[in-house]
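K.L.:
Sequences listed follow chains W, E and P, in order.
At position 132 of the first sequence (counting the first as 1) the number is 132 in our numbering, and the numbers step up by one without a gap.
At position 158 of the second sequence (counting the first as 1) the number is 158 in our numbering, and the numbers step up by one without a gap.
At position 17 of the third sequence (counting the first as 1) the number is 17 in our numbering, and the numbers step up by one without a gap.
Hints in this document: simulated from the structure, not taken from any laboratory.
Even glycine gets a Cβ: it sits at the ideal position worked out from N, Cα and C.
Worth double-checking, as some hints may not be accurate.
[Claimed, not checked] Over the 10 Å line for every Cβ pair with chain P, so calculated as not near, a few chain W residues: (1) Q47; (2) P177; (3) T227; (4) E271; (5) L294; (6) R299; (7) D301; (8) R393; (9) Y399.
[As the list claims (entries may be wrong)] Which bits of chain E does chain P cover? Going by a derived footprint, with three or more residues having C-beta under 8 Å, they are: (10) 220 to 234; (11) 305 to 311.
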Amino acid sequence: MAPSRSELSYDVVVVGAGPAGLAAATRAMAMGASVALVDAGSAPGGQYWRHPAPNVNGVRPVDVAYLHHHLETYRTLVSRLEPLEEAGTYLREHHVWTVASTDGGFVVHAVDRSGGAERLVEVLGRRLVLAPGAYDRQLPFPGWDLPGVMTAGGAQALLKGHDVSPGRRVVVAGTGPFLLPVAAGLAQAGATVVGVHEAASPSRWLKELRVVGRNLGKLGEGFGYATTLIAKGVPVRTRSTVIAAHGDRALEAVTIARVDGAGNVSPGSEEMVGADTLAVGWGFTPQLELPLALGCRTRPDVDGSPICVVDDMQQSSVPGVYIAGEASGVGGAALAVVEGVIAGAAAAGAPTSDRRLLRQRSTLRAFAGAVQRAHPVPSGWVKRLDDRTVVCRCEEVSYARLRDVVERLAVGDARTAKLVARPGMGWCQGRICGYATACVIADLDGKPRSSTGTAERPVASPITLGALAAQDAESQEAAQDR
Amino acid sequence: MSDVVVIGAGVVGASCAYYAARAGLSVTVLERDTVGGGTTSRGEGNILVSDKAPGAEMELALVSLRLWRELGEDLGGARFELEEKGGVVVATTTSGLATLHEFSRTQSRRGVDARPVCGEELHDYEPHLARDLPGGVYYPQDMQVQPVLAAASLLAAARSMGARVLTGVEVTGAATGSDGRLTAVHTSQGTEPAGAVVNAAGTWAGAVAELFGCAVPVLPRRGFVLVTEPLPRVVRHKVYSAEYVENVASDQAGLETSAVVEGTQGGTVLIGASRERVAFDPTLSVPVVRRLAAQAVRLFPVLADVRLMRVYRGFRPYCPDHLPVIGADSRVLGLFHACGHEGAGIGLAPATGRILSQLLVGEEPDLDPAPFDPMRFAGVDA
Amino acid sequence: MSDESFDFDGRPMPFRPGQSVGAALTAAGIRSWRTTRVDGRPRGLFCGIGVCFDCLIVIDGRPNERACLVVAKRGMVVETQEGTGHGALEV
Chain W
1 MAPSRSELSY DVVVVGAGPA GLAAATRAMA MGASVALVDA GSAPGGQYWR HPAPNVNGVR
61 PVDVAYLHHH LETYRTLVSR LEPLEEAGTY LREHHVWTVA STDGGFVVHA VDRSGGAERL
121 VEVLGRRLVL APGAYDRQLP FPGWDLPGVM TAGGAQALLK GHDVSPGRRV VVAGTGPFLL
181 PVAAGLAQAG ATVVGVHEAA SPSRWLKELR VVGRNLGKLG EGFGYATTLI AKGVPVRTRS
241 TVIAAHGDRA LEAVTIARVD GAGNVSPGSE EMVGADTLAV GWGFTPQLEL PLALGCRTRP
301 DVDGSPICVV DDMQQSSVPG VYIAGEASGV GGAALAVVEG VIAGAAAAGA PTSDRRLLRQ
361 RSTLRAFAGA VQRAHPVPSG WVKRLDDRTV VCRCEEVSYA RLRDVVERLA VGDARTAKLV
421 ARPGMGWCQG RICGYATACV IADLDGKPRS STGTAERPVA SPITLGALAA QDAESQEAAQ
481 DR
Chain E
1 MSDVVVIGAG VVGASCAYYA ARAGLSVTVL ERDTVGGGTT SRGEGNILVS DKAPGAEMEL
61 ALVSLRLWRE LGEDLGGARF ELEEKGGVVV ATTTSGLATL HEFSRTQSRR GVDARPVCGE
121 ELHDYEPHLA RDLPGGVYYP QDMQVQPVLA AASLLAAARS MGARVLTGVE VTGAATGSDG
181 RLTAVHTSQG TEPAGAVVNA AGTWAGAVAE LFGCAVPVLP RRGFVLVTEP LPRVVRHKVY
241 SAEYVENVAS DQAGLETSAV VEGTQGGTVL IGASRERVAF DPTLSVPVVR RLAAQAVRLF
301 PVLADVRLMR VYRGFRPYCP DHLPVIGADS RVLGLFHACG HEGAGIGLAP ATGRILSQLL
361 VGEEPDLDPA PFDPMRFAGV DA
Chain P
1 MSDESFDFDG RPMPFRPGQS VGAALTAAGI RSWRTTRVDG RPRGLFCGIG VCFDCLIVID
61 GRPNERACLV VAKRGMVVET QEGTGHGALE V
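Can you make the complete structure from the sequences, with help from the hints?
P.N.:
Here you go:
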């Protein structure tokens, strides 16, 4: 029986086993550091390289290779995890609920959910690499809470992680290059992709040609997805989006419309399309709760999302804390791997970063900036909310309720809206509605959006009071023994 | 020019603005951050008499209790979740129960409704309480509000009487006339002429007083509140352990915790209370979180399977004698203070606002404010 | 199709090794398995990666588990969830 309070200490603790975390952990190990890798997933890969959980009964999980890119990199990184697996320091299904500074290092407080019930674990590290990743940004619209409406990332996760198609007739909508692999994957898995609706105009990319020229590999990737979609007869429309979802107890149809650059509907262009599934995403929101718990400084990314400030070693404003991947700027898996390698080396004691890696980072970051500029969130969606549209899904806070507190109580910012009307107070703690609530309040109040106070979440993963109480009893006993 | 500029839009500043506007004064509220965004948003919204020992604070609490009921009628209590839920204080030991009963008798003599409850009866009040508790005291007068809604509602009412509420405006200094009387405050957005100024800056009131060249010894006392996942009603009253009263009144600088458990209309259960003097250190303390969880599970074993979803951290504004600061500052003509309510600001806000408005217009206050005199610390190092 | 299954509201629900409970339900055409606590609206998978908590479900008697994260295991008892999932605690 393992002790529930792990007092083990490592040179480097890496949180997150996506592209950035895998790269950081393997590089730190290669440099001779003792490493623990803590991850919520049941298999390495994070969201990008999501794979089915390894099977306990010896049956091979389904093969999802056809859905993946850069699998060689993935396989190489995973094969290098073997020493961690042997040492038992790759901690799967461990959800980190908070991180704290301690004498000479950091404590990662995790909940081990691998056994069904909860077991609290503390992992100590002299240095910390945080690679928490990101999730799809969402915008509310009438009907978006119907079952069958999903995030684009969620639809892809079902395919990559579970070999399940989210539905039979699927509409893909939103903005960003990520919509293409999602649609291509769905089509390859046998779903009828009714259409891909990209809100942005392709002409926006004309301003980014210089950056694209430095990232021809990315162009090739996009071309591959486009070829798949053409082969499957999937129509891809730009300056088009979904403005409403319809159905009784689940999605039955969506309304599609043509939009201008600001996301406003061209009158008369609305069209109803039957679908059982809508996969939608508007770029990504980095997960910042762990860096923020340690006091890491943030700055706005190209699209305005707060991201961690890092230096050329991927070190945050807190010495000893390194941030890699989307939390230091959303830029995709290739950038995350580069940042992970830099962070892993730095955390293991490398005095400087490899110049070649820094050049790659700069090129990939430039591309990430171009993506964000070419695929902005078009603001017109706010005008399409009706009184009954739920803005906060967890607490079921409607648009009418938000308008009421703005009009009656003169609420003019997202944090006060949250305190008086509860958007962001529920299970997800505003991860889904935080951005939208800030936009809605700013629109109603007629002032520029302030996104303050929405990314801080002191409890990054819910834990039972009983598990905390048991840990309290143990720490009291331990204190008495000393 | 406003008759009164109130600095701070927490529940105390909101109440000062409301009662001053009701008294016919023109009012401007200046808030550097957001309405109720400081200590007001970090607590449970308690309006308590149960934790007050006979004395000046209890008298203030009893006046406040009456005023909160009035506010509920005048403004619509449901809008800020005013709930006359009552409090249940439980002892965990038989000797603790004897002390608690003795304490409640002294409260009864001052007009507090306190009803001793034996161990078996506890479950009529709170079916989920642990079975091995020796007894407690039921306080039907204890109430609860949703504190930020309460502050916002008071300000909305003040606004309807002509008050201005400006957020994102920080006071940076003061201007005085040749007679030494305050004439205006300087702010991050210009000068705001004022006949009088009320310092209702809560935990930051000491720093605001310094802008006027005065010392008011308000210091932060950190506390955490655990917030659970949404539940049906599992806890009917405010329930807390008898040690809470001792901790509130204690002068210890180190960590003190006692179990305080109550439900909210939002569905979450709130769990306090910890007290530490660690200046403005905002970091989450895992040992404190564990201890609060353990104490809550001790009182309500069913909470063991309930999840923690969020933790509030706040800084109570405390004064060395644990009494608030309410009244005129004789060092600067025109300056008034309404601060230092420690963990009782929600409960004491209406009486504070009312007394202050009475002092502003020269009326006889509802309660003698002498014990809360800002000058009581003069000569004492802040 | 494998012979692995768990119990969903009294009927056997097949799954393939490595699949989450939510994925197995989706594969069987089931789109929602809980109702919200205020308006009683149906919900199922939304973010699919553990962030949104829309797919809450009762697993082996524990309410509010995320169907998208919990790996399906043979013999699990899975139930739809109503509201908070803690209705029995109400006083």
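K.L.:
Each of the hints needs a verdict: does it hold here or not?
P.N.:
Here is what the structure says about each hint:
no. : hint       : result
1   : Q47        : 6 Å, violated
2   : P177       : 19 Å, holds
3   : T227       : 26 Å, holds
4   : E271       : 24 Å, holds
5   : L294       : 21 Å, holds
6   : R299       : 23 Å, holds
7   : D301       : 19 Å, holds
8   : R393       : 6 Å, violated
9   : Y399       : 14 Å, holds
10  : 220 to 234 : holds (count 6)
11  : 305 to 311 : holds (count 3)
Hint compliance for this structure: hints 1 and 8 are broken, all remaining hints hold.
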